[in-house]
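Q: Line by line, the protein sequences are chains A, B, C and D. Following the numbering used here, the numbering of the first sequence begins with 240 at its first residue and continues without gaps. Following the numbering used here, the numbering of the second sequence begins with 240 at its first residue and continues without gaps. Following the numbering used here, the numbering of the third sequence begins with 240 at its first residue and continues without gaps. Following the numbering used here, the numbering of the fourth sequence begins with 240 at its first residue and continues without gaps.
Simulated from the structure, these hints should not be mistaken for laboratory data. Incorrect hints may appear among the rest.
Covered, in the sense of this in silico footprint (three residues per stretch, anywhere, with C-beta under 8 angstroms from a C-beta of chain D), are these stretches of chain A [stated by the list, open to error]:
(1) 420 to 428
(2) 434 to 447
Once the Cα atoms are required to be at most 30 angstroms apart in a straight line, the calculated BS3-like pairs of lysine-lysine come out as [as the list claims (entries may be wrong)]:
(3) K544/D <-> K489/C
(4) K265/D <-> K297/D
(5) K510/C <-> K246/A
(6) K243/A <-> K265/C
(7) K445/C <-> K410/C
(8) K544/C <-> K410/D
(9) K243/B <-> K265/D
(10) K246/B <-> K410/A
(11) K445/A <-> K410/B
(12) K410/B <-> K265/B
(13) K544/A <-> K410/B
(14) K358/C <-> K426/C
(15) K510/A <-> K544/C
(16) K461/C <-> K410/C
(17) K426/C <-> K246/C
(18) K246/C <-> K265/A
(19) K445/C <-> K297/B
(20) K410/A <-> K265/B
(21) K489/D <-> K489/C
(22) K243/D <-> K265/B
(23) K544/B <-> K510/B
(24) K445/C <-> K426/C
(25) K445/C <-> K544/C
(26) K544/A <-> K461/B
(27) K544/B <-> K489/B
(28) K544/B <-> K461/A
(29) K297/A <-> K445/D
Please read all numbers here as calculations on a predicted model, not as lab measurements. The beta-carbon is built from N, C-alpha and C at its ideal position, and this holds for glycine as well.
The lines below spell out each chain.
There are 4 protein chains.
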Amino acid sequence: MALKVIKVAIVGVTGYSGLELLRLLKNHRYVEIVSIHNTANHSQMIAEAYPHLKSMYKITTTPFDPLHIMQEADIVFFATSSGVSKDLVAPFIAAHFPVIDLSGDFRLSAEDYASWYHKTPAPQTLIDQTTYSLADFYSASTTNYIANPGCYATATLLALAPIAQHHLLDKHNIIIDAKGGLSGAGKSLTTASHFINANENVTMYKANQHQHIPEITRQLQKWQPNIEHIQFNTSLIPINRGIFISAYVKLNEDTSLDVLHRLYTSTYYQKPFIRVMPEGTLPNIKQVVGTNFADIGLAYNQDTKYLTIVSVIDNMIKGAAGQAIQNMNHLFGFDETMGLELIAQYA
Amino acid sequence: MALKVIKVAIVGVTGYSGLELLRLLKNHRYVEIVSIHNTANHSQMIAEAYPHLKSMYKITTTPFDPLHIMQEADIVFFATSSGVSKDLVAPFIAAHFPVIDLSGDFRLSAEDYASWYHKTPAPQTLIDQTTYSLADFYSASTTNYIANPGCYATATLLALAPIAQHHLLDKHNIIIDAKGGLSGAGKSLTTASHFINANENVTMYKANQHQHIPEITRQLQKWQPNIEHIQFNTSLIPINRGIFISAYVKLNEDTSLDVLHRLYTSTYYQKPFIRVMPEGTLPNIKQVVGTNFADIGLAYNQDTKYLTIVSVIDNMIKGAAGQAIQNMNHLFGFDETMGLELIAQYA
Amino acid sequence: MALKVIKVAIVGVTGYSGLELLRLLKNHRYVEIVSIHNTANHSQMIAEAYPHLKSMYKITTTPFDPLHIMQEADIVFFATSSGVSKDLVAPFIAAHFPVIDLSGDFRLSAEDYASWYHKTPAPQTLIDQTTYSLADFYSASTTNYIANPGCYATATLLALAPIAQHHLLDKHNIIIDAKGGLSGAGKSLTTASHFINANENVTMYKANQHQHIPEITRQLQKWQPNIEHIQFNTSLIPINRGIFISAYVKLNEDTSLDVLHRLYTSTYYQKPFIRVMPEGTLPNIKQVVGTNFADIGLAYNQDTKYLTIVSVIDNMIKGAAGQAIQNMNHLFGFDETMGLELIAQYA
Amino acid sequence: MALKVIKVAIVGVTGYSGLELLRLLKNHRYVEIVSIHNTANHSQMIAEAYPHLKSMYKITTTPFDPLHIMQEADIVFFATSSGVSKDLVAPFIAAHFPVIDLSGDFRLSAEDYASWYHKTPAPQTLIDQTTYSLADFYSASTTNYIANPGCYATATLLALAPIAQHHLLDKHNIIIDAKGGLSGAGKSLTTASHFINANENVTMYKANQHQHIPEITRQLQKWQPNIEHIQFNTSLIPINRGIFISAYVKLNEDTSLDVLHRLYTSTYYQKPFIRVMPEGTLPNIKQVVGTNFADIGLAYNQDTKYLTIVSVIDNMIKGAAGQAIQNMNHLFGFDETMGLELIAQYA
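Only chain A is shown next, with the shape it has when bound in the complex (with noise of 0.2 angstroms):
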């Protein structure tokens, strides 16, 4: 069957997502970027601000316009800020028409929304609207707007999904230690972003605060409905890309870890995007960064029955616009690693 070309409108361009986009449609065989629009809402050239695209994106950022989106599109991606599109999205949903949403926005409940984000939410009607979509375990019974998990929860689900679906997880003992780099905390300018602050450190943030938290919660919870909280934390560390999580967990029932490898192994088989590591070895962030894999690795420790979980991603594509693509890919039928086959660099 002869593929088409499906139309691409961005909302949020300029931030790192939006142009983590831009960089890796360009290599999508079936993908045309028809609009792009930034939070400023003025024209400009991409690649005039933008060095990095010159030679590679002629077009130019043009006012956001719901309407004249759904005419030219076949689907847009909101790579914005969380807040932002939980004001903008309407029309798309009334309509049906096909969205994609980095953002935190669609997430949550209205109710954890405005606990953990401390913001107003969007209507828990639009919400109940949209499909929190982990692309690994897609469901083809979407709706036409996809929720698209955040970074950090994207690793740890992935982490946690063999054990948890198997109701495995002995639910007081479920410790997140993530770590992650510079780009997770965006682009505005922060003290904790000067490089002076950043490089040759260490800083936790948001200790049991991250808005990731009830996400991963709630996934969790439809695997195995009996978790109710986990300990979550962060750290920053001095690289530009990469999460890597360490999940200390308890499990309910007495295992091996070989029993746990083929449990992982198994579930992730047919998946293209993790790759468990052979047993005994555990994965870095660079054997992931530049790619949409999540490398997951286990280490099981007899004295103290606590299983040791390492997952790592690239938080801009695996964590944000490479998954979205995934997403896409799922939604118009194309093959899941369609623009995605992408291999890490070595050195």
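Guided by the hints, dock chains B, C and D onto chain A, whose structure is given.
A: Just chains B, C and D now, kept in the frame of chain A:
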């Protein structure tokens, strides 16, 4: 009382810890370095091989000779790799000559050493004559042979001491996620320490097998005897110096962050090198790099009942050479801060 | 016209350049990799030794056998260290089989090679059958054996080409201060590549002795015959990838920044991989890392009459594997951008 | 002779240089800090705002009041941004009260300041009462108001002094390629100092327009009057601290590396902070970071007749606070090394 200058010998001076002893002792007013020895055991002007020492040290390395050292010096530091000092120290111990050993050779029982270091241990009779001395909890009854704690052990023990000393730890759930820079991996050329492999990367190594595990457990047991095991993993992060400990623990009894914070504050009130952060704030690595401080902060999660303890040190100073000097100050009756009043570089 | 897939063999696949060829060729639609060979010359699943290739390559290294390669493949890449290909290529040259050599073995005359590489050169008769091909100035008359330029040479030559081709360089004052990341120093474990020595440091190495000096001089002479010598130094900076050339040159005649900028723009107008920055702006490394671009900017000093030319490339792509693929595209009549339409990561 | 403790005031204490003064002066035995002042001019416990100072300084910032400072202190340091001290120092100069100004406000003539800083200069009469003091060439005839040199100027002038003082520089070809870390760019939040933009990147900035150019030229002219212009560019490299100067110069007369090396060695023989590297070796940044040293090395190219001079300093110490303290030591008759006997961290 007029203080007397003490004469110092250093064995293993060209390793990272030995060079750090040279650097720090330069600013100790009551220390004179009288002899230095390297593993290769040949003579060289130290400042020729190490240009950063040019014009600061005119001393030459000489072959290792215990009798000569005991004639010339008042104390000897062993800054050798593990497996070296155990074969060299007998004459010093026999003579009750002061030794501070920065290596792991005398921190464990012979049995534990064999299990965790995979090397032949020192005779248990020699081990019995040494004292493991966490310098901030130095006790005057120690012998003249001090086993200086390991870097990760120091940061972890200082994080847990106040609650372990009050028997508050739930022994089943003591989880330590440690992150450390490359200086901790030593000077030898390995795949892991190649810039290309370390930079822009995070790697977990020796999962459940780090040789500091028994060292930590043994000391915790002295404080809270029912402790059996800890869950302890270390990850390599791309910085030169620094350790960042994220400890996740449950407590034996209901308590509050307020009470815990007071416990930490009171435990460390008279300890000049331990700084407990104000309630609600956590320390970062940069505020201690270049110093002998251990900075500690707390966060309590009402949902999971987990207490997060963050502790940060400079692995080369508080975790090695600085603590060794602090122990030396104790041994010789100097103020423990002498030569160690260091402030971190802000920029 | 339907394009035909070409079959590729890679010798030296486990070095940085070989792994980069594997990475980039994955996204070349008309390439199939049919055989790979490492220096150790034994068989291994490449994806087992290099986890970042897991699920992307199922191929196994096999012993090097020229006849077999010529039967199976349409072209062979040598991504070996200097001193290797010179002893292996004779059968390919004899058979007029296409070869692209990424090493320095065939870039210089036998005499220059001996002087600058301190190794026995290939026979001059073999050297005479090769073509040094700066891919952006590829000329169809080249033979089948292409010597791919060195990374520093590429960045320097592209910086100077427009003025050298117009004989504008004052031959007495051609000063190139080059800065490069650690991937340029290769995979072997050296003191210089230890993280502790490279991080937070800058080191000038091989002052006046870099082996790319004769390569640059020889090519400049082809453009502007009166050139005799260049002043060329390289410094190692703590980044993984990238070269930053600061060239300081005087010109033979009075001119203006305007005129020079037009000269650069017109020289590179039809060259898809060379991007001349708008007048008044200079490129940085990040805008080309991950791409085959060379970005060039100019600044002119009215007081000193020196023109500053900044040129930046990704040493592993434009300076090695990418340029080799560009040369391959030329050889086989593909569009030169095929497989190389890459955009830099902004974050 | 018993030395007397001097009392110090610091204006602009919360900038990078001010904080560095606090850090270094802690280990100056004959200094007591009696008052500190920030730009915001309000009162705060400095150790509360800057946790790295906790337990080291109990002092509080107070509003700036010249009369009060002159009553309390023996000297005042201005560690303010450019454009601040010029409006504040008149009362001190009028009273012949010792001032060391780390900013650029009094390093240039009023005319040059206006041209290069694009700000209104101090009155020329005030400027005339100040002394620009490169501390290693301090002359006792200086006034009480010292303009402390800029960081790039210091590293460049120390690189060129021996040959300029002997009038050996070919005035047409003085090329300085300077590289510096992020602390030199200051504390304010800018696009350039965002970690994502600085890390894994190199950027040339202020090409031909750096405000240290006239400062360097003016001092060179004092040594070698025929010098008119220098070619000087700076590039930002991803390190916290350090300046690496690559100077490329031609000489007025035929000479040899041997002769030049002896010239450097003899010029700096009695200067405790200038270390000339052995012939054939060049310094790197790490060997001086954390110290007040400037390390200098030479390489001579027989083909091009260019002499390469590499000079490295810690921009925050030798390039700012350390040199200011060295100047203070001169002013008050202390040994110039007092408080500055610092060794670089090797690891």
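Q: Each hint needs a verdict: does it hold in this structure or not?
A: Status of the hints after comparison with the structure:
Against chain D, the stretch 420 to 428 of chain A contributes 4 residues with a C-beta closer than 8 angstroms to a partner C-beta. That satisfies the three-residue criterion, and the hint holds. Counting residues of the stretch 434 to 447 of chain A whose CB lies closer than 8 angstroms to any CB of chain D gives 5, so the stated coverage by that chain holds, three being the minimum. Among the hinted pairs, K544/D with K489/C is consistent with the structure: their alpha-carbon atoms are about 16 angstroms apart, no more than 30 angstroms. The suggested pairing of K265/D with K297/D holds, with an alpha-carbon distance near 12 angstroms, which does not exceed 30 angstroms.
Among the hinted pairs, K510/C with K246/A is consistent with the structure: their alpha-carbon atoms are about 29 angstroms apart, no more than 30 angstroms. Taken as a hint, the K243/A and K265/C pair is honoured in the structure, with Cα atoms around 23 angstroms apart against an allowance of 30 angstroms. Annotation: proposed proximity of K445/C to K410/C holds, straight-line Cα distance about 22 angstroms (limit 30 angstroms). A threshold of 30 angstroms between alpha carbons decides the hint, and for K544/C with K410/D the separation of about 12 angstroms falls inside it, so the pair holds.
The suggested pairing of K243/B with K265/D holds, with an alpha-carbon distance near 23 angstroms, which does not exceed 30 angstroms. Only pairs whose Cα atoms come within 30 angstroms are accepted, and K246/B paired with K410/A is rejected, the gap being roughly 58 angstroms. Taking the CA atoms of K445/A and K410/B, the gap is about 27 angstroms. The hint holds against a cut of 30 angstroms. With a C-alpha separation of about 43 angstroms, the suggested pairing of K410/B with K265/B is violated against the 30 angstroms cut-off.
With a C-alpha separation of about 12 angstroms, the suggested pairing of K544/A with K410/B holds against the 30 angstroms cut-off. Note on K358/C and K426/C: the hinted pairing holds, with a Cα-Cα distance of about 20 angstroms set against a maximum of 30 angstroms. Restraint check: the Cα-Cα separation between K510/A and K544/C comes to about 61 angstroms, which exceeds 30 angstroms; the hinted pair is violated. For the given pair, K461/C sits about 14 angstroms from K410/C by alpha-carbon distance, which is consistent with the 30 angstroms threshold.
For the given pair, K426/C sits about 27 angstroms from K246/C by alpha-carbon distance, which is consistent with the 30 angstroms threshold. For a cut-off of 30 angstroms, the pair hint linking K246/C to K265/A stands: about 26 angstroms separates their Cα positions. Restraint check for K445/C and K297/B: the C-alpha separation of about 29 angstroms stays at or below 30 angstroms, so the hint holds. Note on K410/A and K265/B: the hinted pairing is violated, with a Cα-Cα distance of about 54 angstroms set against a maximum of 30 angstroms.
Straight-line distance between C-alpha atoms of K489/D and K489/C comes to about 14 angstroms, which keeps the hinted pair within the 30 angstroms bound. Annotation: proposed proximity of K243/D to K265/B holds, straight-line Cα distance about 23 angstroms (limit 30 angstroms). Taken as a hint, the K544/B and K510/B pair is honoured in the structure, with Cα atoms around 29 angstroms apart against an allowance of 30 angstroms. Taking the CA atoms of K445/C and K426/C, the gap is near 18 angstroms; set against the 30 angstroms cutoff, the hint holds.
A distance of roughly 29 angstroms separates the Cα atoms of K445/C and K544/C; the hinted pair therefore holds under the 30 angstroms criterion. In summary, the hint linking K544/A to K461/B is supported, as the alpha carbons are separated by about 23 angstroms, within the 30 angstroms threshold. Our distance criterion of 30 angstroms between C-alpha atoms is met by K544/B and K489/B, whose separation comes to about 6 angstroms. For the given pair, K544/B sits about 23 angstroms from K461/A by alpha-carbon distance, which is consistent with the 30 angstroms threshold.
A C-alpha spacing of about 29 angstroms is found between K297/A and K445/D, which places the hinted pair at or below 30 angstroms, so the restraint holds.
Violated hints, in rising order: 10, 12, 15 and 20; the structure is consistent with all others.
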